[in-house]
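Single-letter residue listing:
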Amino acid sequence: MFKNFFLNKIFSFSNKLFNVLLALMLLFVIVGFIYAIFLSPSDFTQGDSVRIMYVHVPASFIALGCFGFIGIASVCALIFKIKILSLMAKSIAPVGSVFALVSIVTGSLWGKPTWGTWWVWDARLTSMLILFIFYIAYMSVWKFVDNYEKANKVSSVIAIVGSLNLPIIKYSVDWWSTLHQTSSITLTSAPTIHYTMLIPLIIMIIGAFIYTLIVFLMRYKTEIMKFKLDKKNKEN
Amino acid sequence: MLSKKVCLRIAILTFLLALVIAVVYGVLKSLKENVVYFLSPTEINNKENISFDKKIRVGGLVKEGSITNDQTSVNFIVTDLNNEIIVSYSGSLPNLFSEGKGVVAEGKLKDKKYFIANKILAKHDENYMPPEVSKALKMDKEQ
Numbered sequence: 001m002f003k004n005f006f007l008n009k010i011f012s013f014s015n016k017l018f019n020v021l022l023a024l025m026l027l028f029v030i031v032g033f034i035y036a037i038f039l040s041p042s043d044f045t046q047g048d049s050v051r052i053m054y055v056h057v058p059a060s061f062i063a064l065g066c067f068g069f070i071g072i073a074s075v076c077a078l079i080f081k082i083k084i085l086s087l088m089a090k091s092i093a094p095v096g097s098v099f100a101l102v103s104i105v106t107g108s109l110w111g112k113p114t115w116g117t118w119w120v121w122d123a124r125l126t127s128m129l130i131l132f133i134f135y136i137a138y139m140s141v142w143k144f145v146d147n148y149e150k151a152n153k154v155s156s157v158i159a160i161v162g163s164l165n166l167p168i169i170k171y172s173v174d175w176w177s178t179l180h181q182t183s184s185i186t187l188t189s190a191p192t193i194h195y196t197m198l199i200p201l202i203i204m205i206i207g208a209f210i211y212t213l214i215v216f217l218m219r220y221k222t223e224i225m226k227f228k229l230d231k232k233n234k235e236n
Numbered sequence: 001m002l003s004k005k006v007c008l009r010i011a012i013l014t015f016l017l018a019l020v021i022a023v024v025y026g027v028l029k030s031l032k033e034n035v036v037y038f039l040s041p042t043e044i045n046n047k048e049n050i051s052f053d054k055k056i057r058v059g060g061l062v063k064e065g066s067i068t069n070d071q072t073s074v075n076f077i078v079t080d081l082n083n084e085i086i087v088s089y090s091g092s093l094p095n096l097f098s099e100g101k102g103v104v105a106e107g108k109l110k111d112k113k114y115f116i117a118n119k120i121l122a123k124h125d126e127n128y129m130p131p132e133v134s135k136a137l138k139m140d141k142e143q
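Chains as they are written, first to last, in our numbering: chain A, 1 to 236; chain B, 1 to 143.
If we strip away everything but chain B, and leave its shape as in the complex, we get (with noise of 0.2 Å):
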């Protein structure tokens, strides 16, 4: 059915095919490090050759009550529900910054408890609901 010259093109298309595929993921495989947006707290705790003046970014959930303003900064958790390092930050806070609300801060690690972050960005998931629909859930979960 399929002629010499057509299975001869599908092997070759094949083959190279293969070798793009295995040469993009060598790429990504060993880019690793810069291809992950942040590090969460767990993967920071257990990083063994952890740069501290390396900007870095940590990604999680701001702990519920965490949240403390000093004169000049603010300071909060971010856990990943197994692991916290507290964060402290000095500027101005996106809008959906908030308690129990994903989190990405960018800076430096003071040692591996402690974050100085010169940028905090507010991270959403992928619920999406009305606000009535939220607060029943919340009451639901509550009982």
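If we strip away everything but chain A, and leave its shape as in the complex, we get (with noise of 0.2 Å):
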């Protein structure tokens, strides 16, 4: 299965995977928004601010899934020297920077009706913004610097850096006394958030992940002719 994202494999696989990705895709969030936003119920507290979370939660976990596996990618092409998958990082970076963003800002939409503020420096909020920042850092090695071998090895090193920051946010609530709340959803316990927000929520999480899949694969045929492009011209 891997073989097809092979330079030789990878348009033909992607080709016919698409239309499915995109019917998908469309299916799981149409359906998703319009349980979120008119059939799920407000919340016992937040009343209906939470609708927010439907946004926000998928976003923030594509943007922590995204930048781990562009820590991975970077760890196993810096020590294996394997090309496709720091094409696969480079690929990935700006959708899951773009979720990054997101989070932040529908989080910061949701703090001032609950919370009282759009934002606090607390460890969970921090640490996101400094993913965020991880995100451009990566995105700016690829874009500024010029040569292909130095721009993978110093962009691996801050993914592999950056990727350090992942546990930090996900128990930042756990570790520190937090503004944000605990976690509703963990591997260890039973979920806090009722079956009838959770199910939307769920449809939201799988649809943000097949759009992510699909801008992925768009980027990663750009990345690919980018560098038979680059590796011709050097040739010449």
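Think of the hints as simulated: they come from the structure by calculation, not from any bench. Among the hints, erroneous ones may be present.
Away from chain A, derived, C-beta distances all over 10 Å, residues of chain B [what the hints assert, rightly or not]:
#1 SER30
#2 THR79
#3 ILE116
#4 MET139
Below, computed lysine-lysine pairings styled on DSS-like, alpha-carbon distance capped at 25 Å [as the list claims (entries may be wrong)]:
#5 LYS170(A) - LYS32(B)
#6 LYS83(A) - LYS4(B)
#7 LYS81(A) - LYS5(B)
#8 LYS5(B) - LYS150(A)
#9 LYS112(A) - LYS63(B)
#10 LYS110(B) - LYS32(B)
#11 LYS112(A) - LYS55(B)
#12 LYS153(A) - LYS5(B)
#13 LYS108(B) - LYS112(A)
#14 LYS29(B) - LYS170(A)
#15 LYS170(A) - LYS101(B)
#16 LYS81(A) - LYS4(B)
#17 LYS112(A) - LYS119(B)
#18 LYS112(A) - LYS101(B)
#19 LYS143(A) - LYS226(A)
#20 LYS4(B) - LYS150(A)
Predicted model, so just to flag it, every value in this text is computed and none were measured. Note that beta-carbon positions come from the ideal geometry of N, C-alpha and C, so glycine has one too.
With the hints as a guide, bring the two chains together.
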């Protein structure tokens, strides 16, 4: 299955998959939105402000997940010198960074009516901002460093150091007192979110994931074409 | 299976990573006072070198039945179920501020039992449920 991501096979694979993914994504996002905005209940504490959660939480998960992928891909690319992993990491960074920004902005919009403020410098919010800065740094190195090998090495180091921020983000609400509440969905205990809200949340998370996959594949094809073109130009 | 070059890269990467982790851990440990967003009433009670003119934040639950209003300010008790502290605040309160719910107050300590706040933030917990479910749970608890 993974051979499909190789340079020679990615275009036929991606083209076949693309329409299926697009249809699935539209299905999940539209159903999720209708369920979230109109059909799901308001919260016993927050009222209708809670509906921002259906955008904020999927965006946060995707932002963290993408950077985790970039970190792991960068480690393998540095150690084993696997070129397609660098290209994959480079391709997923833009969509991950946008979701990080969406997470911060929707979080801010959510904070004002509930907490009473647009922003606080607590551990969760500050570490998410740091994640966004790491995304910008990672993409900037690829954009502004001309030599591919140098850009690869420097961006990989940035990705690996930035990945250390990921457990800090996740456990910030447990390790320190924060204004941001603790996790409602964990691997070890039952969710503290009622099923009538959990189901639309999961639908939105899946929709956001498929969207990320689509944008990643589009970007990945472009990066491969750029890479092959650069290689050809260098040989001439 | 693993070539010498690969082994060397793994070793260098692991060493550098361990170094960065140690540095980050050290920084976070030493900044502990600034990384926590607020202190609980128990932490304020136990803190030895507490300063009475530095801006700090206290957080906890608003004690049931403790909210009183006088002409200029509102007074309430913040509790962490072990210790309490009286908070006095003049200004508008956030929408979610209510008895039994979380709150973070920013301001200065008058003494270890009395806090004068200049900013109040409401803190909500990780529970999400419709109002009907919340009412049903409350009735179950009262029985």
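Point to revise | Numbers of unmet hints, in rising order | key: The structure conflicts with no hint, since it agrees with every one listed earlier.
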